[in-house]
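S.K.: The listed protein sequences correspond, in order, to chains V and L.
Note that full-length UniProt numbering gives residue 121 to position 121 of the first sequence, counting from 1, and the numbers run on in steps of one.
Note that full-length UniProt numbering gives residue 41 to position 41 of the second sequence, counting from 1, and the numbers run on in steps of one.
These aren't lab readings, by the way, just hints derived from the structure by calculation.
Keep in mind that a hint or two might mislead.
Stated by the list, open to error - Which residues of chain L face chain V? A few of them, derived with a C-beta cut under 8 Å, are:
#1 R84
#2 I87
#3 Y111
#4 H113
#5 Q128
To be verified - Reference listing, derived: stretches of chain V covered by chain L, where coverage requires no fewer than 3 residues with Cβ under 8 Å from a Cβ of chain L:
#6 200-206
#7 334-340
The C-beta atom is built at its ideal place from N, Cα and C for all residues, glycine as well.
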Amino acid sequence: MAVVAAGRVLLLGGRWSAATASGGPSAQTLRLIYTTTAAWRKNIAASGPEKYTEAFIKKQIEEFDLGKRHLANMMGEDPETFTQEDIDRAIAYLFPSGLFDKRARPMMKHPTEIFPEQRKIQWGEDGRPFHFLFYTGKQSYYSLMHETYEKLLNVQKHQDQLAAQGISPQKEKKNLVGSRWVTKTELEGMLLEKLSDDDYSRFIRLLEKLMTLPCSDIEENYIKKFSKEIAVQLQKVSVEPLKYDEQGVAFSTGEGVRKTSRATAVVYGSGTGKITVNGIDVLHYFPVLQDREQLLFPFQFLDRIGKHDTTCTVSGGGRSSQAGAIRLATAKALRSFVTEKEVEFMRQAGLLTVDPRVRERKKPGQEGARRKFTWKKR
Amino acid sequence: PPDLEDKLLTEPLRHPDFFNVKELFSLKDLFDARVHLGHKKGCRHQFMEPYIFGCRLDQDIIDLDQTMQHLQLALNFTAHVAYRKGIILFVSRNRQFCHLVESTARECGEYAHTRYWQGGLLTNAHIQFGPGIRLPDLLIFLSSLNNVFEPHVAIRDAAKMNIPTVGVVDTNCNPCLITYPIPGNDDSPTSMELYCKLFKMTIIRAKNKRKQIEVFQDLQSQEKHDTSRPVLAEGQA
């Protein structure tokens with residue numbers, strides 16, 4: 001309850017302000033405008049993410065350098081020649097962490113790597129912005145478009161000049177396989193600005209248009225800034241040549257994996273089709289027919305059943321997976337004895353592919369990897 | 001000294017054409033740049049009828065005498081704004097001349113916006129850009145329609161924010177909210193190049209004049225200081 005005398009206003013709780021009604025010599029009517037504390041609290045959420053001031057980052061860099069010297073002293077090393085790798089090793093030693101995610105473990109890096117790069121204030125003391133496209137909102141993106149369009153006009157002008165002289169420009173076909181354009185995130189990183197998908201596609205279309213012009217070689221340096229090379233994956237796996245042991249017998253080795261088994265096989269050129277596993281004959285090591293069939297499959301496929309002798313070592317896994325590992329190892333070893341065409345046949349038959357199937361883990365809340373607990377209606 | 005600053009700012013306002021913008025263009029230049037050509041009769045806007053000289057084979061012809069007067073007023077106004085170090089923003093949504101307008105703005109040292117206009121640019125500037133931003137003091141429209149042939153949003157926004165506007169209005173445009181309309185063609189390359197050239201020359205001229213007068217005043221005040229000191233010494237001695 002507020003007692004308001006003529007002309008005086010009492011401040012209670014929230015903000016009260018009085019406005020006198022205009023005109024009228026009669027008793028002053030005071031209009032009370034009441035606002036709550038919540039209303040004049042600043043809407044911080046609307047102001048965007050917290051910006052780091054230059055002074056703050058500078059201080060962080062000083063602290064980092066000081067900390068680096070302290071760390072070097074603690075480890076007993078020279079503070080002058082203490083590199084980032086030494087820092088990482090020291091931190092891993094002093095603060096051992098069993099956390100799975102590498103990013104969750106304690107780290108000490110230069111502030112420029114931790115705090116994301118930001119835009120500084122865009123205008124000077126008199127209020128005039130520095131960039132001529134500031135008022136568009138996306139100044140770096142639009143200035144990039146402006147520059148690219150200028151290069152396009154340049155190329156067209158050059159083309160017209162050549163056409164006036166009567167020379168028709170020849171375009172050499174460039175190998176486009178090994179290169180790709182920058183992705184949207186990479187471009188955002190280059191411009192320090194958010195882009196929309198439309199903007200990005202527009203920019204890429206402009207670059208493609210520039211590239212397809214005949215005389216675009218003039219602006220090659222500019223285009224190269226936005227194209228990245230893809231590492232061309234090796235298509236061919238080179239086949240190892242045959243090796244010869246002391247008696248002059250040709251042999252070749254191969255390695256194979258299946259689930260948790262690891263096997264190495266040595267296949268000799270001349271032989272009677274004997275297979276020895278871990279020093280034990282195959283009949284004794286693999287009593288089950290299915291496993292021995294797996295071992296024989298590569299030879300059967302190449303029609304060389306009685307021609308090669310094999311010695312293998314295998315460890316880990318169970319009966320079936322050991323058989324599969326030896327099969328892969330022998331197939332790899334046989335590549336050296338066989339023509340390229342047959343290697344291709346083997347690959348297509350699936351003899352040379354590592355079987356990627358591994359045991360799936362059991363999940364909590366379920367009986368097994370996939371089996372759920374019995375569902376009860378009530 | 002405040003009286004010198006006062007003189008700096010009030011002196012140009014005493015003359016009707018302090019920067020002599022009349023000599024930058026002539027009727028023949030406008031005619032050669034095809035500024036008088038308008039759109040067809042069907043596209044005519046009702047409020048543009050006073051500025052139209054006539055109609056020939058269904059195509060409207062703009063009255064170049066009126067254009068001359070309006071152009072002189074507009075150029076004079078931009079020169080005064082540039083003299084007082086105002087921010088000038090060139091706006092044009094015509095894709096054909098986007099690059100030309102941006103290059104003109106860059107060469108003058110002023111600003112341009114020939115791209116998609118985000119709604120709250122002028123009216124919501126403090127939230128879009130940040131606190132402490134300075135809005136443009138003059139908007140120059142080199143084409144007052146946007147890509148769907150409707151009046152550009154910036155005309156209405158500038159009127160809301162009390163920012164004066166200069167604009168080239170063609171026969172299909174609405175000249176109502178523009179403070180200094182310039183009836184003329186906004187579709188031919190020659191006419192656009194002429195406008196860009198004229199605005200660039202006026203702005204550069206105005207800025208140079210300002211620098212000149214400031215340097216002159218600095219020299220004057222330095223001379224006063226030099227002449228006043230020996231007088232004091234004599235008085236004290």
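S.K.: To test your reading of the hints: which numbers does this structure violate?
M.R.: 1, 6 and 7
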